[in-house]
Amino acid sequence: MGRGAPHPKMKAGRDVAHIILRDLDIPDIWKFDVYVENGGYEGLKKAVTLTPDEVIEVVKASGLRGRGGAGFPTGVKWSFIPKDAETTYVAVNADESEPGTFKDRQIMEGNPHQLIEGALICAYAIRARAVYIYCRGEFWDLTHALDARIEEARAAGFIGENILGSGWSCEVYTHLGAGAYICGEESALLNSLQGLLGQPRVRPPFPAQKGGGLYYEPTVVNNVETLTNVPWIMVNGADAYRQFGTEQSPGVKVFCVSGHVNRPGNYELPLGTTFRELIYEHAGGILDDKGLKGVLTAGASAPILPGSAEVLDTPLTYEDVQKVGSSLGSASVIVLDEDTDMVWAALKMVRFFKHESCGKCTPCREGTFWMERVLSRIHRGEATEGDIDLLDEVAAQIKGKCLCALGEFALNPAAATIAHFRDDYARRVSGVPESTAELETQAPIEAPVAAGD
Amino acid sequence: MSETVTIYLDDRAIEAPKGMNLVDACKLHGVDIPVFCYHPKMEPVGMCRMCLIELGFEQRDRTTGEVVLGEDGKPLVRWFPTLQTACTQVVSEGMHVRTTTEAVRRGRKDIIEFILTSHPLDCPVCDKGGECPLQELTMDFGPGKSRFLYDEKIHLAKRYPLGEQIYLDRERCIQCARCIRYVEEITDDPVLQFYERGRRLQIISTSEPGFDSKFSGNTTDICPVGALTTADFRFGARPWELDSAASICTHCPVGCNLTLNTRLDRDAGGRVIIKRVMPRQNEQVNEIWICDKGRFGHHFTAAPDRITTPLVRKGGKLVEATWSEALELVAGMLKSAGKAVGALAGPTLSNEDLWALRRLVEGQRGARLGVWPPTMTGGDLIAEVGVAQGTNFTDMGKGACIVVVASDLEEEAPIYWHRVKVAADRGATLVVVNGRATKLDRYTRHRVRYHYGDEVATLNGLLRQALGDAAPDIDGFDQLRAALENAPAVDAAAAQAIAGATDLVVIVGGEGLSMAAHGALMQAAANLLVATGHVGRPNNGLLAVWPGANTQGALDMGFTPEDATHIIDNAASFEALIIAGADPADEDPRAAAALQEAGFIVATALFLTPTAELADVVLPRMSFAERDGTFTNGERRVQRFCKAIDRVGESRADWQIFQQVGAALGQGRAMPTPGVVMAQIVERVPWYAGMDYPTLAEVAPQFPMVGGEDLYYGGTMYKNAGGLGRQWAVAAEQASYQARVRVPKAPAAPKPGKGELIVVPVRLLYDQGTEFYKTQLVHRRVPQAYVALNAGDAARLSVREGARVRVRLAGTEVEVAARVRASVPEGVALLPLNLGVGPLPHAASVGTVAVAEAVGA
Ligand SMILES: Cc1cc2nc3c(=O)[nH]c(=O)nc-3n(C[C@H](O)[C@H](O)[C@H](O)COP(=O)(O)O)c2cc1C
Ligand code: SF4
Ligand code: SF4
Ligand code: SF4
Ligand code: FES
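Heads up: the protein sequence lines correspond to chains A and B, in order.
Per the working numbering, residue 377 is the first one in the first sequence, and the count goes up by one each step.
Per the working numbering, residue -1 is the first one in the second sequence, and the count goes up by one each step.
Simulated from the structure, these hints should not be mistaken for lab results.
You may find that some hints are simply not true.
With a straight-line Cα cutoff of 27 angstroms, these simulated DSS-like cross-link-like pairs (lysine-lysine) come out [what the hints assert, rightly or not]:
{"#": "1", "chain 1": "A", "residue 1": "K724", "chain 2": "B", "residue 2": "K312"}
{"#": "2", "chain 1": "A", "residue 1": "K699", "chain 2": "A", "residue 2": "K775"}
{"#": "3", "chain 1": "B", "residue 1": "K151", "chain 2": "B", "residue 2": "K107"}
{"#": "4", "chain 1": "A", "residue 1": "K586", "chain 2": "B", "residue 2": "K396"}
{"#": "5", "chain 1": "A", "residue 1": "K436", "chain 2": "A", "residue 2": "K699"}
{"#": "6", "chain 1": "A", "residue 1": "K666", "chain 2": "A", "residue 2": "K436"}
{"#": "7", "chain 1": "B", "residue 1": "K39", "chain 2": "B", "residue 2": "K717"}
{"#": "8", "chain 1": "B", "residue 1": "K72", "chain 2": "B", "residue 2": "K107"}
{"#": "9", "chain 1": "B", "residue 1": "K151", "chain 2": "A", "residue 2": "K775"}
{"#": "10", "chain 1": "B", "residue 1": "K16", "chain 2": "B", "residue 2": "K396"}
{"#": "11", "chain 1": "A", "residue 1": "K586", "chain 2": "B", "residue 2": "K333"}
{"#": "12", "chain 1": "A", "residue 1": "K459", "chain 2": "A", "residue 2": "K422"}
{"#": "13", "chain 1": "A", "residue 1": "K586", "chain 2": "B", "residue 2": "K39"}
{"#": "14", "chain 1": "B", "residue 1": "K107", "chain 2": "A", "residue 2": "K775"}
{"#": "15", "chain 1": "B", "residue 1": "K437", "chain 2": "B", "residue 2": "K641"}
{"#": "16", "chain 1": "B", "residue 1": "K39", "chain 2": "B", "residue 2": "K337"}
{"#": "17", "chain 1": "B", "residue 1": "K717", "chain 2": "B", "residue 2": "K752"}
{"#": "18", "chain 1": "A", "residue 1": "K459", "chain 2": "A", "residue 2": "K421"}
{"#": "19", "chain 1": "B", "residue 1": "K39", "chain 2": "B", "residue 2": "K16"}
{"#": "20", "chain 1": "A", "residue 1": "K407", "chain 2": "A", "residue 2": "K421"}
{"#": "21", "chain 1": "A", "residue 1": "K775", "chain 2": "B", "residue 2": "K396"}
Since the model is a prediction, treat every value here as computed from it, not as a measurement.
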């Protein structure tokens, strides 16, 4: 397996040329003028000299994969849009709700025009009439700022009628969600955009197909970071992009590092960087030089990995992380030190999923509720050994039966912590909890709506 | 059936129609896939995950497209690694499905266990207990024991009124969304919604009044648990205590098939009463649905003010009498009346009642047999070009065109509306021709508006436009063409839709029409069908939205609205009038006056109605629930209904009463049963040839399967064991049929002068009709009497919303509240009938609306 060349300049230190987080290199690049002075909108200008299909070919050749979590090849996704579709849309997924994920926010604050440009190139490639940027509700201030950026791009003729004389017209809109994790799931996002309840749809039809997209028209849904790569690829070419990363995971990725590290934050690095380098070099190592107990690679969604040497030497690529039993997802790396009580950590995550389950399908709605009950009991020290197995079985029972991936994610915190850290559980069921983590009070058994009469 | 595909179901090759849902295909081949959220009448949503199966597809070579064969020569099948939901699949060639494997069994058990973790398991006090899909599927597939700690169960509202008619038990709800989807997708009353998410996900109603739908009760049948219950039945009885009788709804001409559930009731003094009304499946009539009027409007049968003994007038007062005394009196009066005898038959008289009444009147050489109310006519046209046998709205989709004229269909015949709307969803083209906006307008671009009074001209115009230069070789076409010359251009697109239709049904109501005007409109509608060649084939022809449940039967038995009008116009010349199950004095101001002048009046009635009050003898008749008989619905389907409860007091069936009078007059022996009366009908009424009671009781398998073993699939509505009835054939279906058009003769349209409006009486589903209004539960849905005006007219007349106004029309005057509504056309005032302000004329007429003076001013 070919290991891609390391990001040449990044290795050198902090003052390197970024592809995505260009705000770190160029002050005020969020300003339209500064962005344009630094080559902004050149990618769009180039794109409109090509045919839409040629644009798709470039993106395909770059090997760019979706940064929202699933890692689906972006160019291939665009090519699924039927060529004869009359109405198509682009939906930009800026819902960024995965715990520990905070890259899209930095992109939209620091380098917003590059996202707008990337979305427009995508829109051109699929001949979309409109781009909708779906932002999580908490991003309201950022979204208002984004609206101003969109107006600047419109004033310069990059948005609106007959863009750059190409004969193609496109609008860009922002939309604020109401703060639900599930609305980051692409089909729930589309429902929410349409003003419907934010619940996933049955697929097929997929968003790119007639009947599956926004207003049931073929739609590309892409993550913010994914699209922000595109202008660079248009200008520099697919081969230039492929000099970073690996054969199967080309390019750069913004890694969000949080947890027990000295320097939490966003690090734009080539895919293929190891956990060890990310945690110990870029993020400055573990707080108080403690040992590493576990790493979450994709926020709460992917199975936790133990802090073993094997894991630390694993390159952060879609293929390698999968080989050690987790997935890269959105690359929100949460680092947990040796003192972390994994029952507490699992409970936090299970509560998150129970809270965020949309409730549409039975295994996720009931399974997250049940897991939370059992795990709370274990955490309170009121459970028996058998409850650990029960928890494991409930998690297994959810697996493979859900309508969308949230439910499949939701079983990971319990299943993976039991697999790797069963001792933490054993301590809880064998007596008084000894963890340093605060004991949480039991979540009330809620009765959300008052009884009738 | 159209194209089929071969799929492998548990390794057995089966054929299924291409594009059919996999669950349905399995069901048709005898393999049950358990479902909660899937319902065969609705789009799948894949929510409950109960229908898990193993699914695979035959591998195909990417380049050649050929099926790849394994070493054993059999196609290689690529199986999905996880279980898949069957309900979200449609059958396709080379699909392999396994439903009996260990993985599938486990998957089902897991889902049931999940559902039960939040379920209260209060089966012992649950209305659904005994007919509950969750109970059934738990017994079949669930774990014997729960691993969920009982103390950790969620607790939610147990008695949450979505509206006053439907209650929600939030603990029992399994979030399948069948209820939401039914009112959203099918009846288009998007008044239910999910609120919140996760385990907090719950059903709410967003309307005022709550759960504002005329079909709300149907959700209680398709709810797979006891979460939705009707206020009418909840905690009323356990399902297994109930007896069932096949019946037919008496509230409108659709003729929905019902099952009456009855039980001995302590609160009713130990009598057997109707505890609930359930739909009985008849896919050609009501499918598996009924409207709330049909479901809740049964309380009149057990109302305390039913007349229980014969009453005869003595000294100006009606006093109780014995049957023999009363019958003798009636026979005597009829005898002395000689030929001057007339009869008015009400809307819920059965065919047998009507026949017996006809024989009685004819036996006296009386000549006038009137059907009440005489608002619509054109029975002869129905007999000629009525919708052909086999017509079924469920079969209408692309290519079919349905024209609805002069009817607010949802208010007048809800299940016609329901089925027409769903046909439109399937692609049928709707043309809605009316003087005002109605809910049906939503489903079509072809909304043809006329000024009240121009109904016939409008249909003529559509016909002229639809025909273009075509000149079909039909009797009477030349005269018609000449008459059409002056017809206005109406709506080219609508006319084109009619001209391009493969199938065409025209549904004619009577809104705002006098009987004569309605007759002309029926003729214009018949012309439209005949001239475009849409008669005599299934899914083609004429359908009238008759005013009564058995108006069609009355027409078939020889009763006419023309005779009814004649009787009212010449009441004084009748020495004896028999008014059976009708209440003209309450419904028609002219009749109220005219009846005062008639000679001897004998009325059969359930209640002491205004008409009964005028009678000389009042005889207590049985309600439909107390006896057997047949009704003929608007589509000419003759359907049996059966005795469900004992008679109230000494009441007798009308057919018995008339035969007993006849016997006293020496007309011959009374027939012992209604079945024998039917045999007589069949002999004398050619349309009914071959329809004996056993034939009418015949059933055939229907899809989807409902009730009993299949209640998890279709719902708890009853499977039809009582008979599907028979539709009689119209002339256009006979080889000898001679197509014929005639020039319709419409009376002049009302022309309002200065300051005047056209007052249009309209029918509402929820009104104060004697029988319906005995149901307390519906009172909140019956509006106060009102007149609705357009904002412009209201401003001109200084009438504000809610103001008391006086409406004058055709010699009648009523005081009602004003409503200002954008949907009312300018120059028109809509005046709903039957809201308790006394009899009103039925036809539109010139009138005035003025703010009522304060009393004493
Ligand atoms: C529960 C759930 C939450 C998700 N949240 C997000 C999110 O916040 N942002 C995002 O870009 N993708 C999210 N996704 C992934 C999207 O469904 C989708 O795959 C992605 O937007 C596609 O864009 P990409 O191909 O550019 O990654 C989520 C998926 C699931 C199942
Ligand atoms: S898996 Fe969870 S989030 Fe996804 S549809 Fe089912 S209930 Fe909703
Ligand atoms: S109330 Fe009944 S039909 Fe409606 S969602 Fe709940 S279980 Fe389903
Ligand atoms: S649609 Fe008509 S026949 Fe059917 S239940 Fe309602 S009132 Fe009765
Ligand atoms: S998911 Fe198929 S029946 Fe509910």
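### Message
Under the constraints set out in the numbered hints, which ones does this structure not fulfil?
### Response
1, 6, 8, 11, 15, 16, 17, 21
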